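S.K.: Just so you know, the sequences run in chain order A and B.
The first sequence begins at 1 in UniProt numbering and counts up one residue at a time.
The second sequence begins at 1 in UniProt numbering and counts up one residue at a time.
Just to be clear, a hint being listed does not mean it is correct.
[Said to hold, decoys possible] Restraint ranges, calculated between C-beta atoms of paired labels, are given here:
1. A/V491 <-> B/T49: 35 to 45 Å
2. B/F125 <-> A/D384: 53 to 63 Å
3. B/H122 <-> A/G450: 31 to 41 Å
4. A/G344 <-> B/V53: 36 to 46 Å
5. B/L149 <-> A/M63: 47 to 57 Å
6. A/W445 <-> B/V53: 33 to 43 Å
7. B/F125 <-> A/P452: 38 to 48 Å
8. A/I57 <-> B/H122: 57 to 67 Å
9. B/Y120 <-> A/V491: 52 to 62 Å
10. B/V53 <-> A/T50: 42 to 52 Å
11. A/V455 <-> B/F118: 46 to 56 Å
[Claimed, not checked] For the chain A half of the interface with chain B, some residues (derived, Cβ under 10 Å), not all of them:
12. I47
13. G177
14. L187
15. M195
16. Q196
17. V211
18. G220
19. L224
20. V245
21. F253
Treat the hints as calculated values from the structure; they're not laboratory data.
Computed from a prediction, not measured in an experiment: that's the story for all the values here.
Backbone N, C-alpha and C fix where the C-beta goes; we use that ideal spot for every residue, glycine too.
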Amino acid sequence: MTISIDPQKTNNESLQPKGWLRYFSFSLDHKVIGIQYLVCGFLFYLIGGTLASAIRIELASPMSDFMPRDVYNQVLTLHGTIMIFLWIVPVVNGAFGNYLIPFYVGARDMAFPRLNAVAFWLIPPSGLMLVASYFVEGAAQAGWTAYPPLSITTPQSGQIIWILSVLLLGGSSIFGGINFIATIIKLRRPGLKLMQLPMYCWAMLGTSLLVVLSTPVLAGTLILLSFDIIANTGFFNPVLGGNVVVYQHLFWFYSHPAVYIMVLPAFGLVSEILPVHARKPLFGYTTMVFSIMGIVVLGLVVWAHHMFTSGTPPWMRLFFTIATAFIAVPTGIKFFNWVATLWGGKISINSAILFSCGFIINFVFGGITGVALAQVPFDIHVHDTYFVVAHFHYIVYGGTVFIIFSSIYHWFPKVTGKMLNEKLGILHFIITFIGFNLCFAPQHWLGLNGMPRRVAEYDPQFQFVNQISSLGALLMAISTIPFLINVIISVRNGKDAGDNPWNALTPEWLTSSPPPVENWEGEAPLVEEPYGYGKEIYEQK
Amino acid sequence: MTTLDSSKEIQKNNSEVNETHEDFRMFGLVTFLIADGMTFAGFFAAYLTYKAVNPLPDGAIYELELPIPTLNTILLLVSSATFHKAGKALLKDKNSDSQKWLFITASLGIIFLICQLFEYFHLPFGLTDNLFASTFYALTGFHGLHVTLGTLMILIIAWQSRINGGRLTSQNMFPLEAVELYWHFVDGIWVILFIILYLL
Ligand code: HEM
Ligand SMILES: [Cu+2]
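Turn these sequences into a full structure, and let the hints steer you where they fit.
M.R.: Structure, rendered in structure tokens:
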């Protein structure tokens, strides 16, 4: 049986509200949904960022004088949960995936537009619920990992709401993943082969596989945890014969892949951005594809490296150390390919490529500390210290968030038809880069010298370094100001962008900016190689 | 023309440039079932780990009775076959035959649930008695939830094929095929569950 390419997109598209209003309504257009994901995610980022500032203000002095200890724990929990489940995951997957993937496969919409809208509309209510849970009695305070027995024994109403909203967000993410897999595998325009797809498609395919295979396990785990809280069962409660390590296994079976759910799409995005601004084709397309798939497979089997101090037997430690170290191979391949792409290119210095280069630098650093952490003796020394905090912020902020900004600078002209102001953009980059490194680099030192994570009070000898870190956090907070100003003034009176301001070679640039409802006026463009779209225009220049 | 602003325009556009492609809704469903299967896999893994490393004190070990779950296994396997019959009948446009088979399948699902409830009421342990009991109820309960949903969906498509005779035909088999796949999936999970929980 055959059906038309966008079976569910109906004529009443034209009955949808016009102008700005349509971004706040239930729309089936993948472009609108993509923007909705981005804006919604950014609002939560502002909330999460405010909480982060509160944490760093508290830590500027050794005593817990800015907020009481349990409030500190609640703020910390909310910060981590918001940043991961409401900012990074929805934005690198939902926002950019929805906007770009249909263009890349030559389709007029995602495979299941309705499911797509549902996946998005699960997010605002569950996010608001999560934020509101702070105000009920006994907000969640067991960290974003919600480790039992802490999550069972602390006050519970907030923890239950926390579980519920993470379950809903997980559901949203699974629906999104299914949609991406179907779109990339099944909805490619006839004749378009997998090996002709831009890198970001491959990244999203790998990510979505991880989402589909691991998120349900987290859902099941949280359901069991909520039973422990509500019904007094003892799955994870040692007092009742349960086993906390089982929780950790199940949790990290999701949450280690989750780090790739956050960073693989960023790998894809940077692979789209670098070649355009370095005016060179992406180096080593095939190796890039295989390294993504290698990361997906290895990413699924290394979870227990988060549990070296949980009484794991020696054979397990050995296995998970070796498996983890292997991930450095495909990741290294990607790194060298990016550098080779930049090598000898005609690099134009603008905000997009600055943020991408910032990503490469920060990511290498975070990757190296990751390999170090995978070595059991070292991990035992720094486990649950600020060294781990520094490691993963180098990846999630220095990696993924840098790429989110890079992508906004790169695709803003396509989405709005206007250019962003480069001076403000470069200012944004400089403050962010300095602030970020000032904030997190010293934390390696703190961790190596034994400052534990997740505490409001610490030994006064760490005060000076903590103040440097807080200063960096302050700069990071300030850095959003030029960005916001830039977006607001550019949407209104930015320079007109034209269809393809960067002379890029991917298909979204072949249509008008902003693109029409059906993505192309006529048929989707046809090509033989992944980056051959509009090559004639490119060669003329 | 940058935006399409009249529905006529879009319709014209649709018929002119829209390529056709195979139906991928089944593909989406299979992906979903893989995800759903992973939830069960997580539960099974937890159960097996508990079994291996959290031995219960001697007095708290229960022997599970086999007759009801065995009967239930047979019920589900038969229901998979009757569902298949319903599909075959619909393919030959024998709508009323198909409805008959669907109702039989749904009844088997309901009998399964009744048997499960019966078993619950006659077990010597409750949800919070010990770790084994909790895992037992979590696994069978989660599966029972799937059977309930499946039965409801079967009743819905049976009803769909009754009203105005057009919703479910040999031309539009998708709802039936989708529910059928889901049902086979739930049956398959039950067989694994039966082996792991009752036989091992
Ligand atoms: C790809 C992007 C990565 C992200 C987003 C990421 C993120 C994280 C996060 C969030 C944590 C802290 C978990 C917690 O809250 O306890 C963590 C810990 C850890 N990461 Fe990564 N990571 C990444 C890459 C790597 C790599 C490449 C390696 C090793 C080759 C690695 C090895 C580790 C280890 C061993 C720990 C555990 C440290 C401990 O708790 O003692 N990570 N990572
Ligand atoms: Cu990990």
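S.K.: All hints are to be evaluated individually against the structure, with a verdict given for each.
M.R.: Here's how the hints hold up against the structure:
no.: 1; hint: A/V491 <-> B/T49: 35 to 45 Å; in the structure: 53 Å, violated
no.: 2; hint: B/F125 <-> A/D384: 53 to 63 Å; in the structure: 38 Å, violated
no.: 3; hint: B/H122 <-> A/G450: 31 to 41 Å; in the structure: 57 Å, violated
no.: 4; hint: A/G344 <-> B/V53: 36 to 46 Å; in the structure: 57 Å, violated
no.: 5; hint: B/L149 <-> A/M63: 47 to 57 Å; in the structure: 54 Å, holds
no.: 6; hint: A/W445 <-> B/V53: 33 to 43 Å; in the structure: 39 Å, holds
no.: 7; hint: B/F125 <-> A/P452: 38 to 48 Å; in the structure: 41 Å, holds
no.: 8; hint: A/I57 <-> B/H122: 57 to 67 Å; in the structure: 60 Å, holds
no.: 9; hint: B/Y120 <-> A/V491: 52 to 62 Å; in the structure: 60 Å, holds
no.: 10; hint: B/V53 <-> A/T50: 42 to 52 Å; in the structure: 43 Å, holds
no.: 11; hint: A/V455 <-> B/F118: 46 to 56 Å; in the structure: 53 Å, holds
no.: 12; hint: I47; in the structure: 29 Å, violated
no.: 13; hint: G177; in the structure: 8 Å, holds
no.: 14; hint: L187; in the structure: 7 Å, holds
no.: 15; hint: M195; in the structure: 19 Å, violated
no.: 16; hint: Q196; in the structure: 16 Å, violated
no.: 17; hint: V211; in the structure: 8 Å, holds
no.: 18; hint: G220; in the structure: 4 Å, holds
no.: 19; hint: L224; in the structure: 6 Å, holds
no.: 20; hint: V245; in the structure: 8 Å, holds
no.: 21; hint: F253; in the structure: 7 Å, holds
Consistency note: the structure conflicts with the earlier hints numbered 1, 2, 3, 4, 12, 15 and 16.
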